[in-house]
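2 protein chains.
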Amino acid sequence: MNRSRRHLLTAIGAGAVGLAGAAAAQEAVAPPPDPTAPEDATKVLGGAGGPTAERAAWESPSLTPGKVTGPSYSPLQDFVGTITPTDLQFQRHHGGIAIIDPSRYQLLVHGRVRDPLTLSLADLKRFPPTTRVHFLECAGNGRNGYRDPKPDTTVQIIDGLTANLEWTGVLLKTVLAEVGVQPDARWLVAEGGDASVLARSIPIEKALDDAMLVYAANGEPLRPAYGYPVRLLVPGWEANLNIKWLRRLELTDVALQAKDETAKYADALPGDRVRQFSFVMDAKSTLTSPTFPTRLTGPGWWPITGLAWSGRGRIARVDVSTDGGATWTEAELQGEPLPKAHVRFRHAWNWDGGPAVLMSRATDETGYVQPTVQAFRAARGLGADYHFNAIRAWRVHPDGAVTFVPPAELT
Amino acid sequence: MNRSRRHLLTAIGAGAVGLAGAAAAQEAVAPPPDPTAPEDATKVLGGAGGPTAERAAWESPSLTPGKVTGPSYSPLQDFVGTITPTDLQFQRHHGGIAIIDPSRYQLLVHGRVRDPLTLSLADLKRFPPTTRVHFLECAGNGRNGYRDPKPDTTVQIIDGLTANLEWTGVLLKTVLAEVGVQPDARWLVAEGGDASVLARSIPIEKALDDAMLVYAANGEPLRPAYGYPVRLLVPGWEANLNIKWLRRLELTDVALQAKDETAKYADALPGDRVRQFSFVMDAKSTLTSPTFPTRLTGPGWWPITGLAWSGRGRIARVDVSTDGGATWTEAELQGEPLPKAHVRFRHAWNWDGGPAVLMSRATDETGYVQPTVQAFRAARGLGADYHFNAIRAWRVHPDGAVTFVPPAELT
Chain V
1 MNRSRRHLLT AIGAGAVGLA GAAAAQEAVA PPPDPTAPED ATKVLGGAGG PTAERAAWES
61 PSLTPGKVTG PSYSPLQDFV GTITPTDLQF QRHHGGIAII DPSRYQLLVH GRVRDPLTLS
121 LADLKRFPPT TRVHFLECAG NGRNGYRDPK PDTTVQIIDG LTANLEWTGV LLKTVLAEVG
181 VQPDARWLVA EGGDASVLAR SIPIEKALDD AMLVYAANGE PLRPAYGYPV RLLVPGWEAN
241 LNIKWLRRLE LTDVALQAKD ETAKYADALP GDRVRQFSFV MDAKSTLTSP TFPTRLTGPG
301 WWPITGLAWS GRGRIARVDV STDGGATWTE AELQGEPLPK AHVRFRHAWN WDGGPAVLMS
361 RATDETGYVQ PTVQAFRAAR GLGADYHFNA IRAWRVHPDG AVTFVPPAEL T
Chain S
1 MNRSRRHLLT AIGAGAVGLA GAAAAQEAVA PPPDPTAPED ATKVLGGAGG PTAERAAWES
61 PSLTPGKVTG PSYSPLQDFV GTITPTDLQF QRHHGGIAII DPSRYQLLVH GRVRDPLTLS
121 LADLKRFPPT TRVHFLECAG NGRNGYRDPK PDTTVQIIDG LTANLEWTGV LLKTVLAEVG
181 VQPDARWLVA EGGDASVLAR SIPIEKALDD AMLVYAANGE PLRPAYGYPV RLLVPGWEAN
241 LNIKWLRRLE LTDVALQAKD ETAKYADALP GDRVRQFSFV MDAKSTLTSP TFPTRLTGPG
301 WWPITGLAWS GRGRIARVDV STDGGATWTE AELQGEPLPK AHVRFRHAWN WDGGPAVLMS
361 RATDETGYVQ PTVQAFRAAR GLGADYHFNA IRAWRVHPDG AVTFVPPAEL T
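Protein sequence lines, in the order shown, are assigned to chains V and S.
Those letters in the first sequence? Residues 1 to 411, by the working numbering.
Those letters in the second sequence? Residues 1 to 411, by the working numbering.
It should be emphasised that the hints constitute simulated quantities derived from the structure, not laboratory data.
Among these hints, one or two may not hold up.
Note that identical chains are pooled: a pair holds if it fits in a single copy or bridges any two copies.
[To be verified] DSS-like, lysine-lysine: derived pairs with alpha carbons at most 27 Å apart:
{"hint": "1", "residue 1": "Lys259", "residue 2": "Lys150"}
{"hint": "2", "residue 1": "Lys67", "residue 2": "Lys264"}
{"hint": "3", "residue 1": "Lys173", "residue 2": "Lys206"}
{"hint": "4", "residue 1": "Lys259", "residue 2": "Lys206"}
{"hint": "5", "residue 1": "Lys43", "residue 2": "Lys67"}
{"hint": "6", "residue 1": "Lys67", "residue 2": "Lys150"}
{"hint": "7", "residue 1": "Lys259", "residue 2": "Lys43"}
{"hint": "8", "residue 1": "Lys206", "residue 2": "Lys125"}
{"hint": "9", "residue 1": "Lys67", "residue 2": "Lys125"}
{"hint": "10", "residue 1": "Lys259", "residue 2": "Lys67"}
{"hint": "11", "residue 1": "Lys150", "residue 2": "Lys264"}
{"hint": "12", "residue 1": "Lys125", "residue 2": "Lys264"}
{"hint": "13", "residue 1": "Lys43", "residue 2": "Lys264"}
{"hint": "14", "residue 1": "Lys125", "residue 2": "Lys173"}
{"hint": "15", "residue 1": "Lys150", "residue 2": "Lys206"}
Build the full structure now, drawing on both the sequences and the hints.
If you want it as structure tokens, here you go:
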């Protein structure tokens with residue numbers, strides 16, 4: 001053990017890690033009900049697998065408690081890579097999780113079309129399928145980091161309403177070509193088959209661009225919480241539009257002005273103006289580690305990592321600051337960034353043991369740069385309720401504790 | 001039982017769910033038999049989500065029964081896209097699933113090195129991490145489609161020993177740079193911490209190329225069945241080398257000549273020769289749909305789809321034949337093919353209702369073309385036991401039934 005520690009110092013370029021190894025190990029593992037393992041696993045025959053492979057007893061990543069109406073947040077701090085584990089995507093329900101029998105599922109496509117159509121799930125699966133990786137993000141994601149957050153807020157609570165999966169389904173334009181969109185159709189109204197009958201209006205241009213009718217995520221059928229058997233996917237636009245348990249698509253000449261595009265998902269701006277139909281999720285990044293309640297066990301090299309995404313296309317670069325935005329260094333992006341998808345960024349940081357403020361700043365391929373919280377506040381006001389993409393900050397204290405920095409402290 | 005059902009009613013927020021709720025409750029816990037859904041889900045308040053999202057009661061993709069020593073096959077026919085669901089990767093154990101306490105995990109790196117090293121899991125996680133998508137494939141995958149298969153064999157049984165996930169860990173060369181490889185080191189011997197203490201030899205060039213020490217897959221920690229907390233990843237090479245529950249890496253001047261590189265994972269060839277250290281998985285494709293027991297319900301457009309991969313790099317193209325190889329059409333690849341990763345191919349086929357034989361043929365970026373079964377048999381003989389990458393064939397009967405075509409019928 002001594003030997004291993006000595007070497008790690010060299011490995012991570014640190015001078016004096018001390019208890020680092022042991023303490024970091026503890027922190028990496030959050031055991032549930034006291035799991036046990038054989039003293040020497042080579043001396044004990046292991047068991048056979050079951051029909052599916054379970055998680056290790058030492059690993060229990062969880063959503064925050066589920067709600068019939070409201071959000072449950074995804075444990076971003078527990079993830080590595082870019083793909084969100086299928087069963088740990090955030091949830092936001094308006095009337096609970098609808099249970100739909102796939103053999104009775106029907107999707108009506110009608111309105112200003114040449115030939116209205118009703119599709120079964122089997123019908124839909126005979127259209128040419130498409131597979132793409134895209135993020136989803138609730139328009140309200142980040143609210144908990146904007147309005148008077150406490151320093152002991154986790155990244156799960158601040159930014160846990162986003163996910164990134166490999167979706168499979170049919171491009172909506174393929175189905176719309178089948179029904180024949182009338183020239184006066186300007187909007188697509190999508191309606192869910194849950195108890196809230198959630199409906200939203202989507203401009204026809206987006207419907208004919210990259211929107212999809214998806215029936216699978218990460219290789220398998222959608223799960224009920226995410227709209228089984230079919231949901232709408234509107235890549236890069238606020239998640240509320242991505243109607244789950246999709247039952248109806250109506251082509252119209254005007255927007256529906258539904259509750260969720262007037263009373264909700266619209267923002268009062270400074271000067272008695274209102275921002276409505278603010279569909280696109282602008283470029284954003286968020287640190288996932290180190291964040292509260294992580295405690296760095298001592299000076300030396302620590303990986304800074306997080307996720308970045310943009311509703312307008314690919315992430316072009318992510319910069320990281322360890323001095324509260326005074327200076328920035330370009331982070332390494334993991335793999336080729338995909339359009340409208342999470343990309344993982346990393347930066348190796350040699351902590352000197354002094355106080356530090358960690359930030360990340362995304363730039364997308366359109367040249368859009370994630371704004372400072374000061375710029376965000378000037379544009380959107382203190383009452384903003386959606387689309388919080390300002391730069392987030394985490395303070396590293398001399399004792400290694402990491403806490404969130406409330407925006408009010410960044411003025 | 002009553003109590004749990006009543007509980008479930010509350011859980012799914014139902015006022016008047018009737019029997020639907022109770023049934024749905026049962027499934028959420030234990031799989032189907034006969035799931036039900038409300039007649040109209042818009043009239044019934046749905047339930048809140050749990051700490052993780054369960055599969056729909058109508059969907060129960062499963063591995064074949066697990067074995068302490070032997071394979072369990074992955075349900076390829078149930079997957080779409082390219083990412084393999086984390087809990088449905090194939091398994092192949094030699095002494096069952098080892099249970100390792102992550103806080104006690106240690107990896108020894110020694111042998112012909114300057115500075116031997118022992119790493120804890122926390123140590124390993126402080127090295128710069130890397131995220132990449134790669135396939136894994138058992139060297140024996142395809143055996144069940146080569147040796148006298150029956151027409152009613154499924155693609156799960158024929159080719160279900162392959163998977164494709166987003167892996168995160170540390171490049172092995174980063175750790176090897178730390179220990180300082182001696183000039184006379186020619187092989188890396190990797191040893192698992194399971195009851196079989198499975199060990200394999202890997203040429204140093206591969207170890208210093210793209211091999212990884214991985215601790216996560218599809219965004220989350222490895223599951224015990226797949227080597228928790230750390231396995232070796234040897235991209236594009238036979239899965240047996242990708243040692244699970246990795247506990248020791250030894251740099252040596254000669255190969256170990258372990259059981260799994262002499263008695264097993266070596267092939268007798270025609271003419272009293274033996275193929276040993278046949279590491280690379282050559283280019284291959286396999287249809288996942290339509291395959292037995294799918295039955296096409298009538299003439300018309302049907303999607304033909306499957307997976308293709310190569311251990312030598314990217315897939316360049318996949319061709320599909322519907323007439324038993326007489327003519328070929330280039331299939332559409334979904335997304336940009338990644339090196340040493342599955343890619344999904346698709347072809348829209350207009351079935352005229354007559355008999356047809358479906359085939360797919362992969363070509364990789366090196367120009368290597370997946371061989372016919374005749375060419376494969378000539379080169380490898382009837383006794384071949386590994387690396388079965390010949391073109392597979394599925395027969396579509398006039399009644400729409402689809403069956404596997406045994407290689408003997410393709411001469």
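Task: Violations among the numbered hints, reported as their numbers in ascending order - done: 1, 9, 12 and 15
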